[in-house]
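A.B. asks: Each of the two chains sits in its own frame; use the hints to bring them together as a complex.
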Amino acid sequence: MSILFKIAIRAIIRNKLRSSLTVLGIVIGVGAVIVMVSIGQGAKVIVEKQIESLGTNVLLIFPVSTLHTATRGVEGGVTLTAEDALAIKQECDAVTYVSPGIRATSQAIYGNMNWTTSVLGVGPDYQTIRNWPLSSGQFISPQDVNAMAKVCVLGQTVSANLFGALHPVDKIVRINNMPFKVTGVLSVKGESATGRDQDDTILVPYTTVQRKIMGITHVDMILASTVTSEARFEAIDQITALLRQRHRIRPNEENDFTVISQVEFASKIVETSRTMTILLGSIASVSLIVGGIGIMNIMLVSTTERTREIGIRMAVGAKEKDILLQFLIEATVLSSIGGMIGVVLGVVLSKFVSYFGGWPSLLSPLSIAVAFLFSNMVGIFFGYYPARKASRLNPIEALRHE
Amino acid sequence: MQDIILLDNIYKIYDMGEVQVMALKGVSLTIQQGEFVAIMGASGSGKSTLMNILGCLDRPSRGNYYLEGIDVSRFSKNELAEVRNKKIGFVFQNFNLLSRTTVWENIELPLIYRKRMTKTDTDRVHQILNALGIETFKKHYPNQLSGGQQQRVAIARAIVNNPALLLADEPTGNLDTVTSMDVMNILQNLNQQWNITIILVTHENDIARFARRIIVLKDGEVISDTPSESYHFTPTSKTS
Chain A
26 MSILFKIAIR
36 AIIRNKLRSS
46 LTVLGIVIGV
56 GAVIVMVSIG
66 QGAKVIVEKQ
76 IESLGTNVLL
86 IFPVSTLHTA
96 TRGVEGGVTL
106 TAEDALAIKQ
116 ECDAVTYVSP
126 GIRATSQAIY
136 GNMNWTTSVL
146 GVGPDYQTIR
156 NWPLSSGQFI
166 SPQDVNAMAK
176 VCVLGQTVSA
186 NLFGALHPVD
196 KIVRINNMPF
206 KVTGVLSVKG
216 ESATGRDQDD
226 TILVPYTTVQ
236 RKIMGITHVD
246 MILASTVTSE
256 ARFEAIDQIT
266 ALLRQRHRIR
276 PNEENDFTVI
286 SQVEFASKIV
296 ETSRTMTILL
306 GSIASVSLIV
316 GGIGIMNIML
326 VSTTERTREI
336 GIRMAVGAKE
346 KDILLQFLIE
356 ATVLSSIGGM
366 IGVVLGVVLS
376 KFVSYFGGWP
386 SLLSPLSIAV
396 AFLFSNMVGI
406 FFGYYPARKA
416 SRLNPIEALR
426 HE
Chain B
7 MQDIILLDNI
17 YKIYDMGEVQ
27 VMALKGVSLT
37 IQQGEFVAIM
47 GASGSGKSTL
57 MNILGCLDRP
67 SRGNYYLEGI
77 DVSRFSKNEL
87 AEVRNKKIGF
97 VFQNFNLLSR
107 TTVWENIELP
117 LIYRKRMTKT
127 DTDRVHQILN
137 ALGIETFKKH
147 YPNQLSGGQQ
157 QRVAIARAIV
167 NNPALLLADE
177 PTGNLDTVTS
187 MDVMNILQNL
197 NQQWNITIIL
207 VTHENDIARF
217 ARRIIVLKDG
227 EVISDTPSES
237 YHFTPTSKTS
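First to last, the sequence lines map onto chains A and B. Residue numbering for the first sequence follows my numbering, beginning at 26 and increasing consecutively. Residue numbering for the second sequence follows my numbering, beginning at 7 and increasing consecutively.
Source of the hints: derived by calculation from the structure; they are not laboratory data. What you are looking at is a predicted structure, and each value in this text was computed from that prediction instead of being measured. All the given hints hold, so there is nothing to weed out.
Derived DSSO-like pairs (lysine-lysine); straight-line CA-CA distance at most 27 Å:
{"no.": "1", "chain 1": "B", "residue 1": "Lys125", "chain 2": "A", "residue 2": "Lys346"}
{"no.": "2", "chain 1": "A", "residue 1": "Lys346", "chain 2": "A", "residue 2": "Lys31"}
{"no.": "3", "chain 1": "A", "residue 1": "Lys346", "chain 2": "B", "residue 2": "Lys93"}
Stretches of chain A that chain B covers, calculated by requiring three or more beta carbons in the stretch to come under 8 Å of a beta carbon on chain B:
{"no.": "4", "segment": "328 to 338"}
{"no.": "5", "segment": "344 to 355"}
Every residue gets a Cβ at the ideal spot worked out from N, C-alpha and C, and that includes glycine.
Extracted from the complex, chain B is given alone in its bound form (with noise of 0.2 Å):
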């Protein structure tokens, strides 16, 4: 299988006027096509700070990101928005939906930022709105949606530009446990089933488990990476 994501020894300082935080340190590792990763730890870990450049939010400080074989570690602004554009989708804790703005709307915005919206676009649209169950709100308002309505939505924005790598940055951390429930089984069957990388960033063992690989971040570093014990997959119908 093809490396999706190779991180070579990356750093992350701030530069906090008189001190120099470290947030990462020498972090590297390489995620597969297909994988589904949990990535864990505390708070100040770095779990977050390698989230944004895993999503091509942030540069690090030193070392190299290939996505896709290529070094975007020193990529510019544009160029990294670029990346987001037509690699990378993704699923925040708290949905970032664009309020009065319908569910097709959002969904279609990762594709209006391409040159031209064509006709398989709007196809690719109505595909990922039957997959994920939510047609019928197409023309709701995210405020008129459940949460987990509401990050089904999220889901479908970040996988309707077929990216490369979808992460989810605590995706149950504002719903109720059954919803969450719910929303990794939704993720699990993208990866199973759509063969789509998803890397997972949670505190949660419960929504770890999910994954198939778990990897523990501690005062930025790597302090384990291990396949997940209790790994379950359970099919759907909903995303088949």
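Isolated chain A, as found in the complex (with noise of 0.2 Å):
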């Protein structure tokens, strides 16, 4: 076996450029494999870093029924009130914290400054739920949502819109051409999984939203969180029913809200980049098996041009097994030479897209590991019929052939 590994490495160093043309097709397909994978995993990292971020026990409550979002869309819902939320916070044993939420858009003014943006209304457990913290100031509180205080809290990007490097604490800012005192400044957020900047956003009273800003007594949402990630079906059930209960919805009726996890909202996104990996990896493997083909291409050349070689190799007693091993391991050996190559380029690929392409690249061992054996795989797979047409041949024809 030794000496059948030693004959084909020879047989490789004695044909230099052929042999490394035949192994730039999987040193390609090999670093292709592990470069796409990288990247589909890089994202899938963005995606679950973002679902951390929202908080993997918060449940969203919107006020449509699923079976009438396909119709009637999620416009035109008036049947959650923040009495409901107070009522979930009371009577839900699951659920810890819960804020309303309604979406404005306004424009936000402070001296020659001006950005439009979204106001959110919410109540002073958002913060707790959304698990965001403030870089400076305080967060609303309920005195705030008692007496419908204007006060804000800007986002990041709002901040560094209207103020610069200025302070913004206890700074007024008009909204609406109302003047609202800013109470605090929000940290960053990032990006949300679908892409929004979540630190463009100003944060006010609920109550306020209500009745300064868009006159209205219903709320757009309410965001609940849940005591632990697992009680989220339990909570899900308990706000159901008591809500069913509280809008007198009859058995036989369908509900006008819906309950939303954002786990499995987001698991969906997460669903998404996988499909997306595979994608990308199973491109790249057609490139492999391009390769293989190559090496197919070239050990059947090989067998042909060394008709002779095989013809003598059997006259001095070869078997058949002798000669098929040797191409074989001739094949292995170019595939696997191939392979380590192809890894080491994969890897300085994908860190070179995640330092000058801006996107995290996560270098799974796993994959790497099953690029090398799949390009192994390869060479034994295209190998062998080049290598067993070499090892049936007939000696005396053989040695004839010129």
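C.D. replies: So, in structure tokens, the structure goes:
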């Protein structure tokens, strides 16, 4: 076996240019698989981080039923109220914090700067639910909510656009031509799972948005956090039961609201990114197979070219198995050299992509191992046919071959 | 002396689709240990076919071939490979050395297809290199050698496994007269002094006279089997 290995290595070295071109196909294949998978994995990491930033124990309640979403769309739901939110907090023991949410779009002005952004009416629990620390100042207090106070908390993007380097706390900004006092500034949250800039927002007491800005009595949604991540299913059941009762929905009627878990919502996105990884990986695998066909091609040429060598070896006593192994080892060595170079190339390239492309790439040892093993298998698979062909040669004819 | 080869009514029939070609029609002969036999005949006489069967490269269609008392005529491909590896050495007209492979590696080739290379094997290669006066070329490649030198390497390879039988198929066909004589002398010495049984296939009378027995084939049959009249032997120092 070790002798056959030596023979194979020698044959590879004898034809340096040809061998390196053969190897190149596998190098590109393995490299591409590793780069593609690491990019896909990187996307998954981004999404997972965002899910974590959303909070795994957060539930969202919208004022439409799942059935009606398709026909009526999300607009126009007026069934949820701030009282529903309070009731959930009081009566559902799987739920710890609850905050209503009302979204409005408004222009904020400070001095000669203005910025159009989303104004979100929330309750004091909102900060805890979203697990969103302040970088300075204070959050909206229960007193602010009760008093419909004109106070606000700025997201980092808003703060940067209105105040630049200035310190916004205790300054007055005008929202909807009304003066609001800035009580605090949120820390950076980054992009959401859907790519929205979460820092481009102004938080104000939900009562203030209801009465002073929009003149409505309902809320757009209710955010709730559960005791633990696992308690979310129990919480969904409790909330559903409570709201059905409060909204007087008969047993055979559809819900006029929907409870969604953030985890379930985001896991769809994770699934998408996994699909992308598989897609990218399979496209890259095609190039690996093409590389394998390259090996087969070269091995076929090589066995024809070396027919007389095979004849000589057979004449002095090489068995079919010896010839088969010799060529199989040759193909496998070529493909594993290609695999090794490909791994190095893939690692370097994905570092390169994440460094210059600003895209996080995650090198998973598993994908590297799989790509490498796969390249070896390609070598064996595509090397087998030419090797078998060589081993089945008739020694008399092989010796006569010119 | 022991019969090293016993051919019993050997037939070789090639099936060419519609017609069947009978290359050998009932060849029977015995060759004893230490003989030097020349097989002669025109092309198409069946001498190549006989050579292939004797060399265990091919099997007879009918009849039995006993090599050192063992019937090898029904051996499988792998069994034949093993027989070739252990009992037979080949010398070809066109040398058939592996190119881009050193002289040393060419000579040890039969040995590497055995289980394991031992110190004895290495010593054996050394011994043969010395005996044939080619040890200075051991790291050379065949294309750096003259025809005569290449044929010496081929002979070295043929005897490295200490074969029962050395088959030489037109060994001087690609060599000039002087070198041919030289190569024949080496074969003669191996026969005389190492007591190696040699079967030589040739169509040249000048070459056949180095053998002690001449078998002539015609149309797949042995038409004469006689001792060489002009056999002569001059020992040379090279193979002593």
